[in-house]
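With these hints in hand, go ahead and build the complete structure from the sequences.
Given next are the chains, with one letter for each unit.
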Amino acid sequence: MGTTIDISYWGLGIGMLLLLVPLYFFHRFKTGLVKATIVGALRMVVQLFLIGIYLRYLFLWDNPWINFLWVFIMVFVATETALSRTRLKRGILMIPLAVGFLASAILVGLYFLGVVLQLDNIFGAQYMIPIFGILMGNMLSSNVIALNTFYTNLMREQQLYYYLLGNGATRYEAIAPFIRESIIKSFSPAIANMAVMGLVALPGTMIGQILGGSSPNVAIKYQMMIIVITVTASILSLMITLWLSARKTFDPYGCIRRVFKE
Amino acid sequence: MLQIENLGVRFGQKEIFSGMNLHVGRGEAVCLTGPSGCGKTTLLKAVMGFVTPYEGTISVNGIELSPRTVSHIRHLTAWMPQGLSLPCEWVREMVRLPFDLRVNRSSSVSEAMLLEHFEALGLDKELLDKRLHEISGGQRQRILLAITAMQEKPLIIIDEPTSALDKASTQKAIRYVQRLATEGKTILAVSHDPDFMEGCGRQITIHNS
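Chains as they are written, first to last, in this note's numbering: chain A, 1 to 262; chain B, 263 to 471.
Treat each hint with caution, since some may be false.
Claimed, not checked - Quick list of in silico lysine-lysine cross-link-like pairs, BS3-like style, CA-CA up to 27 Å:
| # | chain 1 | residue 1 | chain 2 | residue 2 |
| --- | --- | --- | --- | --- |
| 1 | A | Lys261 | B | Lys276 |
| 2 | B | Lys387 | B | Lys434 |
| 3 | A | Lys261 | A | Lys89 |
| 4 | A | Lys261 | A | Lys248 |
| 5 | A | Lys248 | A | Lys89 |
| 6 | A | Lys248 | B | Lys276 |
Claimed, not checked - Simulated restraints, written as ranges between beta carbons of each label pair:
| # | chain 1 | residue 1 | chain 2 | residue 2 | range |
| --- | --- | --- | --- | --- | --- |
| 7 | A | Asp251 | B | Gly289 | 31 to 37 Å |
| 8 | B | Arg464 | A | Ala190 | 53 to 59 Å |
| 9 | A | Val45 | B | Ser328 | 55 to 61 Å |
| 10 | A | Trp65 | B | Lys276 | 20 to 26 Å |
Said to hold, decoys possible - Now the stretches of chain A that chain B is said to cover, found in silico as 3 or more residues with beta-carbon under 8 Å:
| # | segment |
| --- | --- |
| 11 | 14–24 |
| 12 | 154–163 |
I should point out that these hints are in silico values taken from the structure, not numbers from a laboratory. Every residue, glycine too, gets a C-beta built ideally from N, C-alpha and C.
Here it is, written out as structure tokens:
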């Protein structure tokens, strides 16, 4: 396969001009999204350039300890982002989220690198950093949806929770309907996406690999595994987060504490 | 069956009640009444462990309520809260809800048995196949009373079970509760309905503190 054609900075600038199209329509229909789009685009450019520099050095040093330090930084940023996108108190979710992200990424990520890819060095930057990055991104978005759904429904449908508890349900049985709803809301899009993959849309990892010079045959295998590991890590991290946060969500009698910020 | 000793509950600085004592024996039906805000529902919730008292003790079947024993005590109780509205679409779904719990799976509940309870409460069997929004508040209340009673629990706690019922349906509900008591079940109810209060073996009036 051929090598990737670089995008020149001039070309990048010309390409960015395309953003004027959505900005025009956002402005035309008074959506209030113009400022957020400009700030978002600027942040994206700065962050990705910085990441580009970090990654260059991470790949250059290729030191397992530094790679793990990078994973910890990703966990910290993901936790903070998830906390800012839910209205829940920090004390309830901070540690459960961080442990959920880290444990799931390590378990699923290292399983993929060590067992599926059978790499000699599973802590090598070239594989570890992108795989952990993609896992973290997916866990973050699915956890935010699931946790928001779980806690909002639990607060809104307290009657159901207490009814079940009062009729002898274990705490797990009483929260099961809420966990079910949060899983459905968070994972349905991913499952629907899986079903039409390759027909309606060509997924990012596959496109990236093909543009990077891999054969389509290799690219589809990676794509399949990426889907499987992201769904697995996302559900694992959600379960760990809910399990660990339960102690602070419920009092010793199983009653719901105040979980949302005032 | 139920022993409440010197119980006190407050929400923040506001004292709801204090020094509450109540003994309810097996097969007894007790109705709590009193003005709004005097703590009737709070007392029921305290028995379920949903409200933590600042003083006193609650014991069910000789077991004192504590974080360690609360799940065991909830295994002994069937609970019908006031104005319960469950997020179910179908009546059947609502009926099944408590029987899907592990603790109730041993309850020998058949459709025939359910319809027997329906009949005692003046409910048509066709109701079972309706959507929840198709039935009246009174029908919903009686269905909930039936599924609370059918759980084979020794202690039944019901909050305003007849608030949406007409006189004839209330009489059926009273006879139904009396039958449960004669079968050995202990009933602790809250009601403002004079007929229902009369129908229970014992009435206790709680006054505002």
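Hint check results:
1. A:Lys261 - B:Lys276: 24 Å, holds
2. B:Lys387 - B:Lys434: The hint holds at about 16 Å.
3. A:Lys261 - A:Lys89: 5 Å, holds
4. A:Lys261 - A:Lys248: At roughly 14 Å apart (the allowed maximum being 27 Å), lysine 248 (chain A) and lysine 261 (chain A) satisfy the hint.
5. A:Lys248 - A:Lys89: Roughly 10 Å separates the two Cα atoms, so the pair holds.
6. A:Lys248 - B:Lys276: The hint holds at about 25 Å.
7. A:Asp251 - B:Gly289: 31 to 37 Å: Check passed, 33 Å falls within 31 to 37 Å.
8. B:Arg464 - A:Ala190: 53 to 59 Å: 58 Å, holds
9. A:Val45 - B:Ser328: 55 to 61 Å: 59 Å, holds
10. A:Trp65 - B:Lys276: 20 to 26 Å: Once the Cβ atoms are compared, 57 Å apart, the range 20 to 26 Å for lysine 276 (chain B) and tryptophan 65 (chain A) is violated.
11. 14–24: As far as the segment 14–24 of chain A goes, the hint is violated, because 0 residues have Cβ atoms under 8 Å from chain B.
12. 154–163: holds (count 5)
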